[in-house]
Amino acid sequence: MEELLNELKEKFSSVIVEIQEKDYPTLICKRTGFLDLIKYLKDEKGFKYLIDLCGVDYLNYKQKKFEERFEVVYHLYNLDSKILIRLKVRIPEDDCWQHSVTPLFMTANYFERECYDMFGISFKGHPDLRRILMPDDWEGHPLRKDYPVYLEEEQEWKTYKEFIQKVKK
Amino acid sequence: MATYLEINKKQINEEKWEEPFYINMGPQHPSTHGVLRLFLELEGETIVNCTPIIGYLHRGVEKLGETLNYNQAIVLSDRLDYIASAANNTAFALAFEKLMGLEVPRRAKLLRTIVCEMARICNHLLWLATHALDIGAMTVFLYCFRDREWLLNIYEKICGARLTHSYVRVGGVRQDFTQEIIDELYKFTEEFPPRIYDYETLIDVNRIWLKRTKGIAVVPPEDAINLGLTGPCLRGSGIAYDVRKFRPYDAYGEVDFVVPTGKNGDTYDRYRVRMEELRQSNFIIRQCLDKLPETQGEPVLAENAPDLLMPEKVKEPKPQPVPKKGVIFRGVEKPIVPVGEAFASIESPKGELAVYVVSDGSNKPWRLRIRTPSFVHISAIPYMAKNHMVADLIAIIGTLDIVLGDSDR
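Top line first, the protein sequences correspond to chains A and B. Under our numbering, the residue at position 80 of the first sequence is numbered 80, and the numbers go up by one with no gaps. Start counting at 1 in the second sequence, then tack on 1000, and there's your number in our numbering.
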């Protein structure tokens, strides 16, 4: 495990910002050059299984030690050596995009669509970036921290309102 | 969404068309196992393209979880995969325990393992019943439901609920088994294995069953990993990846079992893997029951487990060198849960169920991410359905074993 982390640190010194020891080794990466890192991990190091890809919104997080608002978290697993590592990419609010890994992992297709749906992070290079869980004409991104849990009456989904009016007639 | 309806309308109005034929399957179709909608592009009866449309059962569990405290969030997990809710409870509890640094007593671990394996048997029985019914074998359905009913009755004795039992709690389980339940489970483990054999004789050599399952939806091992398939779907392709063996949790480290795998990666192999898993689950329950007397009388909940009603704020007094008379110290706010993040995954009956939780020190999770197997499996339908007949799509949906409550969250 340590060998791998040292090797990665040497080879991708410009991409990896920090290595944290948590429940699993966590690599904090820059957006530029991230694709090279994940490609290297998949093709050379055998991390072929992408367990999970998700976004996290850190708006007004008290213990925050960085400037950017969002994080995209990847959990990669090596089926031969049984190593699980976590990659994190920080994404600023005003420049809200990330490289898509769908060409490398077919799993990432739906995960990235969900991340786009819930956080509004767009993935460059994704073949079909649409909303997945919410309706196509929904406004806003529900899992952002500034999105309310209960909507006001004016903010409700338009199509639903139209439907209710139709039924009442 | 609107575009698909427009295409349909155009097709109806035109008398003759050269374009491929578009058809809409679901969301009310009985064999899509819920509210799954598939938009198909056909050429004759062969599927050229298939687009799953999900989200009809989206309840915002992840957003709701951020407004409830850790113990309340467990109740939400019942509603994800409502066929095997004990497995979901365990996944949530494991992630929260990892975050809080709790050590679960051994007896609670054994009880959890038993409940999880019962959930696996329940799930596989329901899967076999509905999958066989979809393909055309009616008889198995009734037999499977008879056995599932027995297990649900045992669940009712354990915790009072049949489907949505929040039996697993953060730090252990809610209450201990009584002797009556243990006797009933012993009786079940005695009588169940011969019944699996009975089901196999009903369909194993049935010519219709073989024709509908052999060579359908073949997934090579490399593609299965790349697609993110887990559970029996991955093991059917010949890769023995099982979270119970690879990253053991609860009492799986101390029990003995075999991870069955298939060879060809088709629908029939996945069926064989699940039937073998039924036997292994039964074997695991038996081993755990034998180990229960060793831990008789031990607590089933960790001592420092959080209270069901977690306080919103906890204050500890400011350390003062010399306490003064008549001065009230305001105190410093103490984090209830350690700040940080945790990731835990389990082998749920359908595949790998992972929970990633981020905490900010308060009594509510800052972010609660659930990676569900059904969501990933639905994304594999377009790959598997290509160049198959429409009728085979029913077999593909059945073999993936999806539950829409699980995928839409």
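Just so you know, the hints here were simulated from the structure itself, not pulled from any lab data. A couple of the hints might just be wrong.
[To be verified] Simulated pairs of lysine-lysine, DSSO-like, Cα-Cα distance not exceeding 30 Å:
no., chain 1, residue 1, chain 2, residue 2
1, B, K1245, B, K1315
2, A, K22, B, K1313
3, A, K22, B, K1098
4, B, K1386, A, K42
5, A, K39, A, K62
6, B, K1313, A, K145
7, B, K1364, A, K88
8, A, K82, B, K1291
9, A, K45, B, K1313
10, B, K1245, A, K39
11, A, K62, B, K1386
12, A, K42, B, K1263
13, A, K22, B, K1386
14, A, K64, B, K1063
15, A, K145, B, K1315
16, A, K45, B, K1315
17, A, K65, B, K1315
18, A, K64, B, K1334
19, A, K65, B, K1063
20, B, K1291, A, K62
21, B, K1245, A, K88
22, A, K48, B, K1245
23, A, K82, B, K1263
[To be verified] To give a feel for the contact side, a few chain A residues facing chain B, derived at Cβ under 10 Å:
no., residue
24, L5
25, L84
26, M118
For every residue, glycine included, the Cβ atom is placed at its ideal position computed from N, Cα and C.
Comparing the hints with the structure gives:
| no. | hint | result |
| --- | --- | --- |
| 1 | B:K1245 to B:K1315 | 42 Å, violated |
| 2 | A:K22 to B:K1313 | 26 Å, holds |
| 3 | A:K22 to B:K1098 | 11 Å, holds |
| 4 | B:K1386 to A:K42 | 26 Å, holds |
| 5 | A:K39 to A:K62 | 34 Å, violated |
| 6 | B:K1313 to A:K145 | 21 Å, holds |
| 7 | B:K1364 to A:K88 | 23 Å, holds |
| 8 | A:K82 to B:K1291 | 29 Å, holds |
| 9 | A:K45 to B:K1313 | 45 Å, violated |
| 10 | B:K1245 to A:K39 | 28 Å, holds |
| 11 | A:K62 to B:K1386 | 49 Å, violated |
| 12 | A:K42 to B:K1263 | 25 Å, holds |
| 13 | A:K22 to B:K1386 | 42 Å, violated |
| 14 | A:K64 to B:K1063 | 21 Å, holds |
| 15 | A:K145 to B:K1315 | 26 Å, holds |
| 16 | A:K45 to B:K1315 | 48 Å, violated |
| 17 | A:K65 to B:K1315 | 24 Å, holds |
| 18 | A:K64 to B:K1334 | 17 Å, holds |
| 19 | A:K65 to B:K1063 | 24 Å, holds |
| 20 | B:K1291 to A:K62 | 46 Å, violated |
| 21 | B:K1245 to A:K88 | 27 Å, holds |
| 22 | A:K48 to B:K1245 | 19 Å, holds |
| 23 | A:K82 to B:K1263 | 22 Å, holds |
| 24 | L5 | 18 Å, violated |
| 25 | L84 | 8 Å, holds |
| 26 | M118 | 8 Å, holds |
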